[in-house]
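Chains as they are written, first to last, in the numbering used here: chain A, 1 to 494; chain B, 495 to 810; chain C, 811 to 1485; chain D, 1486 to 1708.
It should be emphasised that the hints constitute simulated quantities derived from the structure, not laboratory data.
Treat the hints with caution; some may be incorrect.
Heads up, simulated DSBU-like pairs for lysine-lysine below, C-alpha to C-alpha not over 30 Å straight-line [as the list claims (entries may be wrong)]: (1) A:Lys151 <-> D:Lys1569; (2) D:Lys1637 <-> D:Lys1569; (3) C:Lys1427 <-> C:Lys1142; (4) B:Lys548 <-> B:Lys524; (5) B:Lys544 <-> B:Lys524; (6) D:Lys1637 <-> A:Lys151; (7) C:Lys1190 <-> C:Lys1377; (8) C:Lys1190 <-> C:Lys1413; (9) C:Lys1441 <-> C:Lys1413; (10) B:Lys544 <-> C:Lys1377; (11) C:Lys912 <-> C:Lys1190; (12) C:Lys1373 <-> C:Lys1237; (13) B:Lys548 <-> C:Lys912; (14) C:Lys1427 <-> B:Lys548; (15) C:Lys1413 <-> B:Lys544; (16) A:Lys151 <-> A:Lys359; (17) C:Lys1413 <-> C:Lys1325; (18) B:Lys781 <-> B:Lys524; (19) C:Lys912 <-> C:Lys835; (20) C:Lys1413 <-> C:Lys1427; (21) C:Lys1373 <-> B:Lys548.
Only some residues are given here: those of chain D computed to face chain C with a beta carbon under 10 Å [claimed, not checked]: (22) Tyr1549; (23) Val1561; (24) Phe1602; (25) Gln1642; (26) Val1705.
Restraint ranges, calculated between C-beta atoms of paired labels, are given here [to be verified]: (27) C:Ala1406 <-> B:Ala752: 27 to 37 Å; (28) A:Phe61 <-> D:Ile1550: 51 to 61 Å; (29) B:Arg786 <-> C:Arg1388: 49 to 59 Å; (30) B:Val770 <-> C:Glu1440: 17 to 27 Å; (31) C:Thr1179 <-> A:Gly439: 50 to 60 Å; (32) B:Leu749 <-> C:Val1366: 23 to 33 Å; (33) D:His1547 <-> A:Phe61: 56 to 66 Å; (34) C:Gly1079 <-> B:Ala752: 53 to 63 Å; (35) D:Leu1670 <-> C:Arg1457: 46 to 56 Å; (36) D:Phe1602 <-> A:Gly187: 24 to 34 Å; (37) B:Arg786 <-> C:Pro1015: 48 to 58 Å.
For glycine and all other residues, C-beta sits at the position ideal for the given N, C-alpha and C.
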Amino acid sequence: MFWPLALLVAAPVMAGLGSLLMQQRRAIEVLQCALAGTLLAAAALVAGQVIAAGEVSVGDFLQTDALSAWLDLIIGFVGSSGTIYAVGYVGEEMDRGHLSLRRYSQFFCLFDLYLAAMLLGVNQENIAIMWIAIEGSTLWAALLIGFDRSKAALEAGWRYIILSSLGIALALFGTILVYYSSEHILGVSNEALRWSQLYRVAGELDPAGIKVAFIFALIGYGTKAGVAPMHTWLPDAHAEAPTPISAMLSANMLTVGVYAILRFKAVTDRSVGPEFAGKLIIGLALLSLAISAIFLLVQRDYKRLFAYSSIEHIGIALLGFGIGGLGVFAGAWHLMNHALAKSTAFYGAGLVFLRYNHKSLDRVTGLLSQMPVAGTAILVAGVALAGMPPFGLFTSEVLIVAGSYTVRPEVAYVFLALLALAFATLLYQVLRMVLGAPGETGTALGTQCRIFTSAAIGINIVALGTIGLHVPPGLATLLASIVKIFGTEMEASR
Amino acid sequence: MLQAITLVVAQTIVLLGISPFLVGLIRKVKARLQCRRGAGVFQPYADLAKLFRKQPVVSSTTSWIFPATPYILFASTLAAGLLVPTFASQTPMSFAGNIIALVYLLALGTFFLILAGLDAGSAFGGMGSSREAIVVSLTEPAMILSIFAIALTSGSTNISTIVHKTALLEGIVTDPSPHLMALVALFIVALAETGRVPVDNPATHLELTMIHEAMVLEYSGRHLALIEWAASLKLALFLSLIANLFAPWGIATTLTPAAIGIGLVAYTLKIAGVAVLIGVIECTFAKLRLFRVTELLGAAFILALLGLVFFYILRG
Amino acid sequence: MLILLLLLLASYAVGVVLPFCFPRKPQAQGMVGSVCACVASGSGIALGISGLIASEPLTASVASTIPFLAFAVRLDPLASFFVLTISLAGLAASIYAMGYLKEFHGRVSVATLAALTNGFLLSMTLVVIADNGFFFLIAWELMSLVSYFLVVTEHERADVRYAGFFYLIMTHVGTAFVVLIYLILFQSAGSFSFEAFRHPEQSLPEGMRTLVFLAALIGFGTKAGIVPLHVWLPYAHPAAPSHISALMSGVMIKTAIYGMIRVYFDFMGGQFPWWWGFVVLIVGATSALLGVMYALMEHDLKRLLAFHSVENIGIILLGIGAGMIFQTYGLKELAALGLLAGLYHTINHAMFKALLFMGAGSLLYTTHTRNMEEYGGLLKRMPWTGLFFLIGAVSITALPPTNGFVSEWLVFQALFLSAQLPTLFLKLMLPIAAAILALTGVLALVCFAKAFGISFLALPRSSHARHAEEVPIAMRIGMGSLAVCCVGLGLAPMIVVPLLDRITGPLTGVSISDKVLSLDGWALDTVNVEFGSISTPILAAMLIACGLLGLFLAFVFGGRLVKRYYKTWGCGINLSPRMEYTATGFAQPIRQVFRAIYQPTVKLETEFLEESRYFAKRRHFDLLIEPVFEKYLYDPVVNLFMGIADRLSILQAGSLTLYLTYIFVTLVVLLLFVV
Amino acid sequence: MSLSSIDIGTQMVNLGSVLLLITCFSIVGLRRLSSCVHVFALQSVFLGLTAALVAFLTGIHHIYIAALLTIVVKAVVIPRILMKVIRRKDVDRELEMNVNVPTGLLICGALVILAFFITQPIIPLGFLLTRDSLSIALAIILVGFFMMIARKEPVTQVIGFLVMENGLFLAATAAAYGMPLIVELGVFFDVLVGALIIGIYTHQLQDTLDNVDTSKLTTVKEK
């Protein structure tokens, strides 16, 4: 029973090529909505299978274990809601005559291929092919970021492509080094590139090689994940990209970057013990937190604002993984909730941008009364991202800080302080936007746009609420087996 | 039970009866020292009687607070008076309240008096209330602290218990210094609370100087009578407090007729003595400016505090 | 009991959802929400009482898939007491809301307001009954969040937004410290359950215990509004709708008191050095004094009341602090007395502060202004509100025989019993605290004489006041019920004390109700009978008797009790509101005496006629009280962060080369770190 | 094949690697953009040859394909694209430096030493034949990275990036005897597409703004 997995990876490719061929808009919309449904269903099915069977594979080509299934869920869910949102958003742009039908179909083609690349990357046991897929997603993303060819967009895209290709190159060297140190054990073959095999023989791998490899992987994939100080492309790209893309970058691509780091960490931990990788990751995570917390304060641009908040949350999740044990559980949980919340935030921001056609934070007020949907989206997301109950980010942050306190208190103190700071700075900006009396009127949105975007936002908020204070049992088992991947058993919660 | 009731009634009568006399006495002393003949010491009784017979005029701007206040003031002051031993060391009502209750009962009256001062809406009333407010807020801490300094010696905050013990020479003051300081402090407080020179001048109606008089400026007839009576009650209360706390000589510690007789006489003499002292002070001191009063009362507070410190240091 | 608990939770939950089911019917929305809240808080009252008298605490728990989180509740006497307090105030507030919500029709979404109110009450209840640290934190944060949204109900106004944000930040910083408490306990216990925290065998090292103490003091203190963490309070409480202000000021800040008692006496097992109690005592004294002093200078009625919350929290902490000091020296009975005094004042303050805020709300409702200088003469126009407000004022100024008097009396006694302490220092400190308390009490008296006198007496000072009229019946019932509570709690200590004793008994290990109540409950005295006693019922009786006596005398000497009405003598000219004493003028002597604290700055601008400098065209008078803490404590911190942020923003200067360099340097450094 | 041939092979492979390194240095040193491109092409040729040599010596045939691809893509296709860009923009002039040449060369030297240090403990793992190439590969990568920083002209940043790619390829083929074919094809595909996209970007950038000096591309940042 492998077709859900195959479908999960294949569907976006087909949809993308399909929409490139299609000639009228209606058809593309239908196709995309179908894709959204398919993604959701397939991801759910795959996750179900993994929960049941432990892992799923399509021959030699696609393999999925708990961690991959977790990423499938995130990408699948946010990807589908993002597709729906994109239909509304890009449709509106087209209605306003900013886009030709050709560009319209191109957009969705790129969009789908980008999703496909990421899905391929995470459902992959071969580290090299994972690298290829992620590089692929980088390239599609580069084209998407510069999609509307404004000067700023091109500049951001240019920086993005340079920086992340650089990062990805470093990651490749890391990959090569792993292969280099594993091949004389596993022989010159694909076997030497398989996670499962690497985990198995990790004990025999040469520590020095693995250490260097991990550093290259950390910096390389860290660039993709937007970990400070490799994060510099992130705010520009998020700010200048079309908003659905900003949402996908934050919710999916950063997560995939983290995923790649985690895979390498798993090998490194088995080979040289968890301290080495843990120390590095914790350090970079705290740096990311600090930088984002400070920069949140001086933002004048609401999309950059959410971009920095992404850096913060990726940092938090990484901190969790760096601590290990309880932290791994919390980190994974944090990734999922962050993906949901952040995409919601960007959905709202997109609507605001469509209405006012500027990104200036100071000029946006009174969203709740003027644009209830966008206002609610930004408010709910903002509260969630600030780490307030009843949202999952609160629970994960508490668990992470608890975990870090038991391991190394000083980290917990810093973490608490930075969290409080980031809370203040983020909410200060968000509340300025949503509360108060509306300022300018702007141009109203079309009906279709409103329907689709509201649907996407609704889906996200509902999901965010339902998994807020309660991990569904299935996901709990997934998380438990993820924790196992990192060597520690989850102690029963008291 | 019956005995208790009779005692309460007796004390009520004594207080109500003797208080106007004290006012009259003080006035007489002042008159004498100012080389006037002055009115007889029983003049206040006549004043009260006259005021009671007059029909009160009530300002049409006022609310029910204004006419109600005299009764509340009278009630609270009298109730406070019942907590203080006069001629007998054991007052049956003393269990109902200790010094703190006493202070707060007086405060209750003051509170409504301040409200009444504001109620008529004239500038005088407000001025009086505002000044009374500052005075009262500075006296009460000193008062509580000074009485507490005494209370420590007898290990009780019930006034009648303190008096009783001191009278029976139980828990006798091993050394006078804390007592002395507390006495001075309490005396200053008494002057302030009863609106005497150098804090206030009951004889003036000059808006620059008056405090208490300004508050009650709008009152007339029986309302004024009640207020005047309450004021004199307050005076009597403080005098008996000072007299019995620091000189419980001759007070009736048992309830034999003889003891009570002696007690009554001793009590009258003692408070009359203190009243004379007040009269002397009133004509030897000038009234202080309102913002100098704070210094006086601050001094009282410090004295009481010192009394406390001395007590602990001497007791170790 | 479980049924009651479920009923409570259920009807609050329904109250959160149901109002939204009546779109565009604000009347119905408000009514539905209030009814749900009434049902819930009604069952809450029953639950609290039964929890106080029950022999075994009710416990219930729902497991969770999140590690270390369990939705566990436990109604021990302490929790039940606070549930009772919350529900009493909640009931009154929701009755009051039935009328008060009209104020908001068409301006804000009544459904949201009603739903949030239910959520607020629910979260507060959860905070006090939670039996798991994680769960507690969730409830605590929810409480903060919901109350924030209630504060910014009228978020079109900039000052409201500022107040709300200030509150949100402060409370979140506080929460960070609360989290720290639970982290430390979690580390030692290996679990978040209160039971594990409680276990004595996991006694923390001294440093950690001190850290817990400080974290609790700061964390809970921020919520409670202790000086100098009180600054948010006078902004946030007035900004909220009045029945919410009543709940925030009356009840929410008490959850912090609950937290402190829980941590100090329950988790720490009452084992602490003397200076803990002393610090609490100092904080209490400072808060009490400064709170009332700043209140005196306020002419915004709601801000005035908010400052009085700071004062009363201070009084509560005086009681608790004294209790802690006694606890340290093993004087268990006195410890129990101090704690009991604090708890008694807690519920009393909940009652009269809620009452007063509702009174202020009624004035706002009919005059649409919060400025006392525009009130005046309202007692005739709204007699019921006036009466209830007066009762509240008398209670908060602790005048006999009301409830405030009883609890403050207990605090006084606790402080005076310092004679039994071994060290001279403390022997002296506690009476001084008592003197400060006395000063506080009198200043409160002055402040409320001002508040009531200026607002309700004399002539109306503005057209608002002139056209004021009595508020709807629902609001009057809400206030009336609380007024009854105030008087009742004052006259019936013989009922209250034994209940409170069931809380302090387990915490201090000694029961004192039989010692405190003598003459079969008629008199209330301290643990050693000699030391002094009061009996509020008797005092009340005496007051009434003496009042009647006065009436009787007047009748005897004066004959028929007739009186004549005539206008106040205004020095010959007709009396006008402009001749009345203003609140500012009334407080002037105090401002003069304590100018060291207030540092008042007076600005007087006069425009003269060009013809002659003897005639002023217009004068403008400004009187500013220096907000010391904000100016010297808070602004610098904010500016510091702003400065850092501005300087750092060059890191993101937009040069690709720069960005590449970051990565390059990081790479090289890390590689060297391996070699 | 015999030991001696292996020794010779080793030396020849090392020679190839060293040639690569030298070309790197010369690119750092050069000041004309077009000559940078030419030298890069030359380097790619060397790379291809080295790869072919390894393939010949080890008999792992798919490396031949990789070698061929290298020469085709990196020595022919990409340089042409770059030259086209250069000509269109006519930026073939004295390059502006962030770091002047002597300092640059010094830093590169330091980087090479660092690379050797780091790879020292790892080398013994490798196959006799290509031990030192790993160190050289890392050195090339670091130097390439440095190139991207040292120059302001975007095209040189592209060149630096491609030099890094060369280093990676050397590491892959020489050090690790080449990854499985599929991987290498994938890698190549990506490099090609990457280069294309970068080309597209420089192209579009030039359309939107007359000059593509990245030092002037600083509008999107913290205000």
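For each hint, the structure was consulted:
Distance restraint check for A:Lys151 and D:Lys1569: the Cα-Cα separation of roughly 22 Å lies within the 30 Å cut-off, and the hinted pair is therefore satisfied. Our distance criterion of 30 Å between C-alpha atoms is met by D:Lys1637 and D:Lys1569, whose separation comes to about 19 Å. Using a Cα cut-off of 30 Å, the hinted pair C:Lys1427 and C:Lys1142 is violated, with the two alpha carbons roughly 69 Å apart. A threshold of 30 Å between alpha carbons decides the hint, and for B:Lys548 with B:Lys524 the separation of about 28 Å falls inside it, so the pair holds.
Taking the CA atoms of B:Lys544 and B:Lys524, the gap is near 23 Å; set against the 30 Å cutoff, the hint holds. Straight-line distance between C-alpha atoms of D:Lys1637 and A:Lys151 comes to about 19 Å, which keeps the hinted pair within the 30 Å bound. With a C-alpha separation of about 16 Å, the suggested pairing of C:Lys1190 with C:Lys1377 holds against the 30 Å cut-off. A threshold of 30 Å between alpha carbons decides the hint, and for C:Lys1190 with C:Lys1413 the separation of about 36 Å lies outside it, so the pair is violated.
Taking the CA atoms of C:Lys1441 and C:Lys1413, the gap is near 19 Å; set against the 30 Å cutoff, the hint holds. Annotation: proposed proximity of B:Lys544 to C:Lys1377 holds, straight-line Cα distance about 23 Å (limit 30 Å). With a CA separation close to 23 Å, the supplied pair C:Lys912 and C:Lys1190 stays within the 30 Å bound. For the suggested pair C:Lys1373 and C:Lys1237, the alpha carbons sit about 55 Å apart, so the restraint of at most 30 Å is broken.
Distance hint between B:Lys548 and C:Lys912 is unfulfilled; the C-alpha atoms sit about 50 Å from each other, more than 30 Å. Taking the CA atoms of C:Lys1427 and B:Lys548, the gap is about 48 Å. The hint is violated against a cut of 30 Å. The straight-line distance between the Cα atoms of C:Lys1413 and B:Lys544 is roughly 51 Å, outside the 30 Å bound, and the hint therefore fails. This hinted pair checks out: A:Lys151 and A:Lys359 have alpha carbons roughly 15 Å apart, not beyond 30 Å.
In summary, the hint linking C:Lys1413 to C:Lys1325 is not supported, as the alpha carbons are separated by about 58 Å, beyond the 30 Å threshold. Note on B:Lys781 and B:Lys524: the hinted pairing holds, with a Cα-Cα distance of about 14 Å set against a maximum of 30 Å. Distance restraint check for C:Lys912 and C:Lys835: the Cα-Cα separation of roughly 12 Å lies within the 30 Å cut-off, and the hinted pair is therefore satisfied. With a C-alpha separation of about 17 Å, the suggested pairing of C:Lys1413 with C:Lys1427 holds against the 30 Å cut-off.
Restraint check: the Cα-Cα separation between C:Lys1373 and B:Lys548 comes to about 9 Å, which is no more than 30 Å; the hinted pair holds. At a threshold of 10 Å, the smallest CB-CB gap from D:Tyr1549 to chain C is about 33 Å, leaving the interface hint violated. The closest approach between the C-beta of D:Val1561 and any C-beta of chain C is roughly 28 Å, which is over the 10 Å cut-off, so the hint fails. With 10 Å as the threshold, the beta carbon of D:Phe1602 comes within range of chain C, its nearest partner Cβ sitting at about 5 Å, so the hint holds.
This hint holds: D:Gln1642 has a C-beta 7 Å from the nearest C-beta of chain C, less than the 10 Å allowed. Checking D:Val1705 against chain C by beta carbon gives a least distance of about 6 Å; that is within 10 Å, so the hint holds. The hinted range of 27 to 37 Å is not satisfied by C:Ala1406 and B:Ala752, whose Cβ atoms lie roughly 57 Å apart. As the Cβ distance of A:Phe61 to D:Ile1550 is approximately 21 Å, the hint placing it in 51 to 61 Å is violated.
In this structure the hint that B:Arg786 and C:Arg1388 lie 49 to 59 Å apart at CB is violated, the actual value being about 31 Å. Between B:Val770 and C:Glu1440 the Cβ separation comes to about 55 Å, which falls outside the hinted range of 17 to 27 Å. Checked against the hint of 50 to 60 Å, the pair C:Thr1179 and A:Gly439 fails, with Cβ atoms roughly 28 Å apart. For B:Leu749 paired with C:Val1366, a C-beta distance near 29 Å keeps the hint of 23 to 33 Å intact.
The hinted window of 56 to 66 Å between D:His1547 and A:Phe61 is violated, with their beta carbons roughly 19 Å apart. One distance hint, 53 to 63 Å for the beta-carbon pair C:Gly1079 and B:Ala752, holds here, with the actual separation near 60 Å. About 49 Å separates the C-beta atoms of D:Leu1670 and C:Arg1457, a value consistent with the hinted range of 46 to 56 Å. At roughly 29 Å, the beta-carbon separation of D:Phe1602 and A:Gly187 lies within the given 24 to 34 Å, and the hint holds.
A C-beta distance of roughly 56 Å is found between B:Arg786 and C:Pro1015, which places it inside the suggested range of 48 to 58 Å.
Of the numbered hints given earlier, the model fails hints 3, 8, 12, 13, 14, 15, 17, 22, 23, 27, 28, 29, 30, 31 and 33; all others are met.
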